[in-house]
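Q: Residues per chain are reported as follows:
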Amino acid sequence: MLTSITSYLHSNETPGAAGNMFWALLYILAIFLGLSIAVIAMNWLERKVLAHMQVRLGPMRVGPHGLLQPIADALKLLIKEDIMPAHADRLVFWMAPLITVLAAFTTFIVVPFGPTHAVTDMNIGILFMLGVSSLGVLGIVTAGWASNSHYPLIGSLRSSAQMVSYEVAMGLAVVSAVLMTSLHGTGVYGTGTTGSGTGTLSMIGIVKAQYDQQIWFAFKFFPLGLIAMFVFSVAMVAETNRAPFDLPEAESELTAGFHTEYSGFRWSLFFLAEYSAMIAVSSIAVTLWFGGWLRPFPNALTGATWDLLFSLFPGFSFLGLGALALLSAMRMPRHRMFKIQTIGLAGFGALLALIGLGLLVPPLRDRVQDIYWFVAKVAVFMYLYIWYRGTFPRYRFDQLMMVGWKILLPTALAALIATAVVGVF
Amino acid sequence: MQPVATTFFFYFLSALALLGAVFVITRRNAVHSALALIVTLLALAGIYLMLYAPFVAGVQIILYAGGIMVLFLFVIMLVNLERAEKEKQFNQQWLIALVAAGGLGLLFVRVFTESKTVSGLLQKPLAQLAESTNTQQVGIALYGNYMLAFEIASLLLLVAIVGAVVMAKKRI
Amino acid sequence: MVPITPIHYLILAAALFALGTIGVLTRRNVVIVLMSIELILNAVNLNLVAFSRLWGLNGQVFAIFVITDAAAEAAVGLGILIAFFRNRETVNMDEVDLLKW
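Protein chains in written order, with this note's numbering: chain A, 145 to 569; chain B, 135 to 306; chain C, -3 to 97.
By construction, these hints were calculated from the structure, which means they are not laboratory data. Glycine is no exception: its CB is placed at the ideal position from the N, C-alpha and C atoms. One or more hints might be untrue.
Unchecked claim - Computed footprint of chain B on chain C; a stretch qualifies when at least three of its residues, placed anywhere within it, have a C-beta under 8 Å from a C-beta of chain B:
1. 0 to 7
2. 10 to 21
3. 25 to 37
4. 41 to 53
5. 59 to 65
6. 75 to 83
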């Protein structure tokens, strides 16, 4: 037992591929915890960033700068009364949030946080991810139907039509990235020298292909990779029902859309599923087009000095965040009513700085590098989500359908065909 | 990697699939039927994984459970079926149909288990299927041997798209 | 316990096929009849994939073609259903008894 646990540490495989149950379970637990923390952080960040975009302060009361607001919200949701509408379909009403949450979490077993940091590496990785994340819509549709109410039903009808439409463009964009794994490119587009020459659907294989070809697929066959990436990043916003494509839960038209009748814990499950799905599709985008766990310029800037410099990034970002928190603690009003808040913020800053110092220790600093770069790239996408919500007005339904079928789908098809033509000739 | 606990997973998944299938044909409410069908489809995807067909399993999840079933649910909600729920669910020939279909199933089982020819065919040793390159091999077969069939399938899909639009649109 | 052989999968497929046939022959609701047809197609798929365990990949390729077919069939079938519902306000199979309305 103990030998099987320790022997994994020296293998260069994912726990799933090595068949090591203990480490697989540990990875699943770590991903689950990490996701929950990410969702809580995202909740706070979204409210803060949106507020600053609209020249407000956002949550300020619960904890310093509202840092404890998400925890207070979660507590409130947990102890809220759980209401079920009178003529609701009880079983389906109960099942719907579970379906969405399960679909959103299951996708993460193939997300590669590093060359060995994934629960498992499937031969059909990207197909599995797209498929399982598309199961989430079943939960949304059934939730709207089971509520036995008009607004949720309209919300779920919209949701199903929207998902089916945008999945097509999304799939085609993904195919053009998968195609790139097997294409070296010649002539003016000749960028790679050691491309593996065989295509793959495995998430880890796709990132390795980008390393071998020495280019992120977003910049391969310029501008074809960028076009496919653009199509995907529009379609992924629509797939996760976020602004400007949040018609299924448009609060100005449908109260709260498909989850109008949900309250308390069940509603928070939908919330959790939505944010996990956002992280999941962002991870797909990062893996396919932005080099996954690879640090910037892994082929160009090599050598011991560059390696050392890049490995200092994780530690110093935490140190920077800690310094920021300490700075704001010093700028807190000097009043006895703010004493606890100031101490709390300073303590939070000290904790972040401590983590940062810990990440500067050599063995740890090399191990967490892959994870750090992956998470940093995903975080950029998550910020984009908030940015969209703060700036874009909502689409009308006919506009939504037009964008999906008449703009994104032909663009994705053209990019796919052009990629194939450029890659072969 | 070798599949683990094949016997347990086979019986578990087939029980799930059969239960789902029974619910599909007996539920009064069409949405319940659709959900039961989704359970069956996912169980079958698991069985495909056990048969060294991960690509077919992936296609099953993304196309059937994620695509076709969402379409079904959409249509069920579009045509409001509240009246249909209260009506008679089975037609008059249900007894004959039950006997005929049951007989058909029993015939299949008997042919599989008793027939000398069929059991001779099934006594073949298992083919060596490489799971790690399954997608690549299916792709090579699709674009090699079955090129023409693949093109015809794309034509079929085009016809289906046009047909569906013509059927569902009020005015063209 | 008996080890799982392709026969087991074939018997499961036969059972699914029979259930699908019962659904097609007895139900009145067109949507459920279409779903039963999906069940039948899935039984066929299971057969093909089980045979591919013996004879190599061709069965899996056929299964993919069958899934393509199923998608086309569902799209056209549901299109017909919507057109029919718009004209007759019903989704019952045995009320489809007029050639032209």
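Q: Each hint needs a verdict: does it hold in this structure or not?
A: We went through each hint and held it up to the structure:
{"no.": "1", "hint": "0 to 7", "in the structure": "holds (count 8)"}
{"no.": "2", "hint": "10 to 21", "in the structure": "holds (count 11)"}
{"no.": "3", "hint": "25 to 37", "in the structure": "holds (count 8)"}
{"no.": "4", "hint": "41 to 53", "in the structure": "holds (count 10)"}
{"no.": "5", "hint": "59 to 65", "in the structure": "holds (count 6)"}
{"no.": "6", "hint": "75 to 83", "in the structure": "holds (count 7)"}
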